[in-house]
Amino acid sequence: MTSYEEVFRASTEDPEGFWLGAARGIDWDVAPSRALDASRAPFYRWFPDGELNVCHNALDRHVAAGRGAQPALVYDSPVTGVRRTYTYGELTDEVAAFAGVLVGLGVGRGDRVVVYMPMVPEAVVAMLACARIGAVHSVVFGGFAAPELAVRIDDAAPKVVVSASCGIEGARVVPYKPLLDRAVELAAHKPEACVILQRPQGMAELGKRDLDWAEAVRAASPAAPVPVAATDPLYILYTSGTTGKPKGVVRDCGGYAVALRWTMEAVYDVGPGEVMFTASDVGWVVGHSYIVYGPLLAGATTVLYEGKPVGTPDAGQFWRVAAEYGVKTLFTAPTAFRAIKKVDPEGKLARRYDLSRLAYLFLAGERLDPETYHWASDLLGIPVVDHWWQTETGWPIVANPVGIEAAPARPGSPTYPLPGWDVRILDAGGNPAPTGEDGAIVVKLPMPPGALPTLWNDDERFVASYLSAYDGFYLTGDGGHIDEDGYVFVMGRTDDVINVAGHRLSTGSMEEVLAAHPAVAECAVIGVADSLKGQVPRGLVVLKAGVEADPAAVEAELVQLVRDRIGAVASLKDVAVVAALPKTRSGKILRKTMRGIADGLDEPVPSTVDDATVLDALRPVLTRGTSLRGRGEQ
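Residues in the sequence shown are numbered from 12 upward in steps of one, following my numbering.
Note that these hints are calculated values from the structure, not bench results. Since we're looking at a predicted model, the values are computed, not measured.
Straight-line alpha carbon distances no greater than 35 Å define the calculated DSBU-like cross-link-like pairs of lysine-lysine that follow:
| id | residue 1 | residue 2 |
| --- | --- | --- |
| 1 | Lys353 | Lys319 |
| 2 | Lys319 | Lys603 |
| 3 | Lys555 | Lys319 |
| 4 | Lys455 | Lys603 |
| 5 | Lys201 | Lys603 |
| 6 | Lys455 | Lys258 |
| 7 | Lys256 | Lys170 |
| 8 | Lys170 | Lys219 |
| 9 | Lys219 | Lys256 |
| 10 | Lys603 | Lys584 |
| 11 | Lys603 | Lys353 |
| 12 | Lys201 | Lys258 |
| 13 | Lys219 | Lys201 |
| 14 | Lys359 | Lys319 |
Build out the structure end to end from the sequences listed, making use of the hints.
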């Protein structure tokens, strides 16, 4: 099969045969005889009679194939000046040793281990060590607030927590141990042990429950891979911004391994020995799938980068990393590129480096506005691939599958549904929306391998959150449309569609117009409660570095631009130039939080916020009047 249409048709007409074929891309201790078990629908299970070990597939099998000397993991930390390359043989030994530490602490198949670490190789080692012995890891972003870490400890009930003495955020050293100690104090569940990696930038004082990572590894015996059921959980990943009882997305072993192995070739065009640089964090799904498991399952080389896109020390670090390690595929978030564009709008830093081996730029995590797409495309002269997926899905739903057949890009669209994903657009009544009209984006069940089978210890909430809105469909929570050529357009979360005097308007469409202004680096549009119209849009924009413009003049131009391109119905009369937009650590703009503040609600600051001071600085702008009219208009 050589064309996208052929592959997609095979996945829909014969999913059983398609995914059993994909399953041959990994090693099985017991090969599955069937792909899908639908006997407990909507709790679908993939490869129900198969057994495997995901760590063996990520490491040992490559060593056994004679590629133990090939680089597996490259660690590059501009914040510490440390760079190190681990071969497949070396990484296998490190993982086996730490797996032995966990076994010595009584961790076995099905036990949980919370990993609360910065972007260091030991975080990857800890994840793979859990997979090696059949334990379930739950990575919590290093530096999370103690109360948020505590509720995750209570939910996952880990036998062991693996952490580090500190993390480094830009130029700031963040001590982790006091946060961990406070979290354990707050949690009802008490882990039996905490293994602490001591970092020279900030050493920690260890208590009775704590073990030093290096000492524990020296005393341990290496552990071998343990075969587990394909349906056993590999990890729990809590979705960002949860309050109260957290929502733990469960990922299975077999379906996930098969799907990721398939995507590495089909979607990202990365094979054995090739280099993938995913500039994310292991605390997020992107880090799980395309820093750790995906590249290693494919026998590729993965880059683990501890730093920021800008400021550590400059906006050229992604280009330096790509040049130094011969990166073929770079994957990051649109917000990272907007940050680079803001500091280096002409892309001068990219021209300092040899990027001849960089073949693709993949962007995901937030909607890729056409302005950023064009900027990156013009700068690099390579395919810029927008793609769309979620923590829950584990791998992309919609993408341009460059490893199968690259379609012409259509700015504003992540292109086509990938094989296995039956994407539909439904109106409020659950009926198919007309071609080109916005509605709720849903996926017809069953979802393909690798998507969440349920939530941790909460089947009822899984159904209520994702499957109850439309019978037989998974609700993505995003809205958008499919055009006459089959391109999917994701316009933003359905709660980012606002109702202005009876007109349903997409804030994503307005953001697209604002981002097209030559002075704008990034922007957000939120719907604010209004006594007359129900809601009115409010725009917030950050200007590019070095732009000398009167903010009031830019604001007026932007109001007029939206009026010209969308029409007076948009009613966008309030645009403010601000210093920065508040974001999560994964780069998502906190639109819901800003909307709540603007509406006068007691909106909690999400635990995932990257810099709370940015949000504090915006409060006066957000709360200056919910029915504010534009400049010069009363």
